[in-house]
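Trainee: What follows is the residue order along each chain.
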Amino acid sequence: MDTAHDQPPDDLFAGNSASVTQPDSVSPSGTTASLERRELGDAVARRTRSLIAPTPILELESDKSKRDVDLSKHDLRMLCLVSLDTVIDRMGFGSGATRRDIQLALAPVLNASEPDLTPERERLVLDIILDALLNEKRQRQRFVARYATIEGSTVRWLEFEYALLEERQMEDGEGRVFRASKEAINLYTSMLGLDLEDATIADAAVLRYQAERGRLDDAIQTAHQAQIRAKQYAEHIRARLEVARRDVEQAAWVGQVLPVIDEALKLIGDRMEKERDLRRGLELRRDQAGGPDLLKLTRLLNEIEKSERTNLDLHRLLLTANQQFRDEHARQRLRRPSAALLPNLETDVLLPWLDTRSCETRERFASALNMTAGVHTPSVTGLDALWSKLLAPPVVVTPVEADTEPPATTALPAHQPPFTREDFEASARFLRTELTSPRRLSDLLVKAQEQTLSDPMRRLVVLLSMQQFGAAADYRQFHVEPGGQVFATDGFNGDDLLLSRT
Amino acid sequence: MSNLATIAHDAGKLIACALRPRQTPWTSTEYSDLLQRYESDSQFRSIVDGVTEGLGMRIVDATRNGLFLTATEGSPFRLAAEDYKQNMSAQERVLHGVIQVAIAAFSFPKADVLDQDDTVAPAHITPVKLAEYIRKFAEANAASSPADAESDDTAERRAWREALARAVTMETSGGKESARSLTGMCRHALDFLESQGLMRVVDEDNFVYQGTTAFRIRLKYHAAHELLTLMRSAPASATTN
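Chains as they are written, first to last, in the working numbering: chain D, 1 to 502; chain B, 1001 to 1241.
For reference, chain D alone in the conformation it holds in the complex (with noise of 0.2 Å):
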């Protein structure tokens, strides 16, 4: 920090100018000035974070009208704060809770604001809470806000990152469960701010107070306020533990970490400690108790019951914390690259990648295959294996066959001929009667009509006649020729014909 900012202006917010500074040795009021500023600054930066938090949260709303379903019944603000409260209350070192965990917390909630959901738009909703909780959008990375702080005379902006929650594997190594961050916890306790410490040194006080003067309701409501409190400071020490185990070349151990280990034990153990007691008294008290009071007393001690689980985790986490961290220097010394140097994959190495010449980029295919594809791991046929193939009986390829019902079917109607054999006698019969002289085809069919010969038989002499036009010889029956003029009469027209014996 430059020397700028160790001396503020008496208007804290008059700006940039040095004129109105003043050295802050000069005089003792100055420095209390001084000292008031920079707590201020600090207050301020820690409540405008606290502000920043739930932006994700509160952006999910705002924004719900923007998505392709429905969901003005819902409040996703809501969902998204009983999914945090129900993801804390499951929080322990390795622990959490689970996608189940998180539905069967949400599922009345959801069903009561719409009481005909579906199991596919309650699974829907399910993931569009925690898609924003975990930033899927962003591929899980942290969310970035930028925000001003008073330093000194000075305002500076800066960036605050931020997480609500993360994915983890559980011990098993199969399942996979929610946990809050300290910023989502933080959320939860409505902390703007405060010192975690001091927070939790005051919770022990006003539960002791309201636990002593029969105010057990109050005491209910601040016992599972301290019990979240005291997974928040666990997770707070945890987090610092295990960016110094990760990269031990980053961290200063014994200069920082091990006063910070100090630090929390001494304040785990005077909790623990202060918790036992007002356990012990409260046991005795529910011990005699009766009615309402007995449920009260119960739940009470339900909630100081798991502040101390936290409380005894992280305690043994501290204990063992300097020899885990041991290890795992020496193990990383001999083996693992320093994280500190880990490049930004997107930037670095995939846009980098793109740009280069295909031909590059195909030689280094393999390359980059076995960095992040494994191993391969040959497969070798063992004698044994290869005797029982030779001498195995051949393989019979049994067709598959359709384990089907044929369909139910009915036969089509049989095709009628257009001409009966009645139609084709009637119109020869008409065709020899009547052709004793040479005779057009027009009159033939007005002649057809007056001895009522049906339509089939009519157009059989048309088609007959048409037929013996051009006819080879030996299909030759009657003569055809053109009649040189045309006709249209019952139905037919075009050219006339003239019909004849010869």
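Some clues are possibly wrong.
Sample of chain D residues facing chain B (criterion: CB under 8 Å; computed from the structure) [as the list claims (entries may be wrong)]: (1) Q141; (2) L350; (3) F365; (4) T372.
For each label pair, taking beta carbons as the anchor points, the in silico distance ranges come out as [stated by the list, open to error]: (5) A112/D / S1145/B: 49 to 57 Å; (6) E197/D / T1027/B: 36 to 44 Å; (7) Q324/D / T1027/B: 21 to 29 Å; (8) E1053/B / C359/D: 28 to 36 Å; (9) E1073/B / T154/D: 50 to 58 Å; (10) R123/D / Q1043/B: 51 to 59 Å; (11) N1206/B / T320/D: 39 to 47 Å.
Examples of chain D residues toward chain B, derived with CB under 10 Å [claimed, not checked]: (12) N135; (13) R140; (14) E167; (15) R168; (16) Q169; (17) R179; (18) E242; (19) L342; (20) L345; (21) P352; (22) W353; (23) E363; (24) L369.
Source of the hints: derived by calculation from the structure; they are not laboratory data.
Even glycine gets a Cβ: it sits at the ideal position worked out from N, Cα and C.
With the hints as your guide, set chain B onto chain D.
Mentor: What follows is chain B alone, placed relative to chain D:
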């Protein structure tokens, strides 16, 4: 069996466990016990390290999450292109290389995401999302080098052009996804990583995958650095950056 032979036998067992992609210490007590022994018994560790090296492999990491190996040049355990996919064309090799890098970048876009605890699960990934992701970066490259976009010189053709060409020509026909489309190729890549124990299927119906702890460890303690080194070792003329 002599003491040394017994240790060597157990070392072989541990390496065999590591070579089975789907086997984890969580599902095999023997594997878990051997890993603990690797941590605590220096003689055993030396023999495991020696045998591994002799087989042409290197230990990426050894924790309670497993023993993770990588094959060095010339090792019989090295993955060949044919193990990944048979009869790939030159263009397919380019694209599958891009896809492998893209899967890693999608799962762990920034250093701080990769640097999270080994057991933190990365983002969900689907073939469609991955193809879109590649297309987005390819288009960003195209926008930053418009001259290259118009060039038809095959030798100078950049990988992003192959990605865009495949995305444009194969993704628009019909509703069905072709195995040769960019999305289809992404699915093949994810399925392959799943068979290697590096991805898990989250939702079979919707083709949702997620990197496993093994994938993070492989990337974090080996591949990310190596990929960066590989990129930096490129001839000066190979990139336009």
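Trainee: For each hint, tell me whether it holds in the structure or not.
Mentor: A quick look at each hint next to the structure:
no.: 1; hint: Q141; result: 6 Å, holds
no.: 2; hint: L350; result: 4 Å, holds
no.: 3; hint: F365; result: 4 Å, holds
no.: 4; hint: T372; result: 5 Å, holds
no.: 5; hint: A112/D / S1145/B: 49 to 57 Å; result: 55 Å, holds
no.: 6; hint: E197/D / T1027/B: 36 to 44 Å; result: 42 Å, holds
no.: 7; hint: Q324/D / T1027/B: 21 to 29 Å; result: 25 Å, holds
no.: 8; hint: E1053/B / C359/D: 28 to 36 Å; result: 33 Å, holds
no.: 9; hint: E1073/B / T154/D: 50 to 58 Å; result: 55 Å, holds
no.: 10; hint: R123/D / Q1043/B: 51 to 59 Å; result: 53 Å, holds
no.: 11; hint: N1206/B / T320/D: 39 to 47 Å; result: 42 Å, holds
no.: 12; hint: N135; result: 9 Å, holds
no.: 13; hint: R140; result: 4 Å, holds
no.: 14; hint: E167; result: 4 Å, holds
no.: 15; hint: R168; result: 5 Å, holds
no.: 16; hint: Q169; result: 4 Å, holds
no.: 17; hint: R179; result: 9 Å, holds
no.: 18; hint: E242; result: 6 Å, holds
no.: 19; hint: L342; result: 4 Å, holds
no.: 20; hint: L345; result: 4 Å, holds
no.: 21; hint: P352; result: 5 Å, holds
no.: 22; hint: W353; result: 5 Å, holds
no.: 23; hint: E363; result: 9 Å, holds
no.: 24; hint: L369; result: 5 Å, holds
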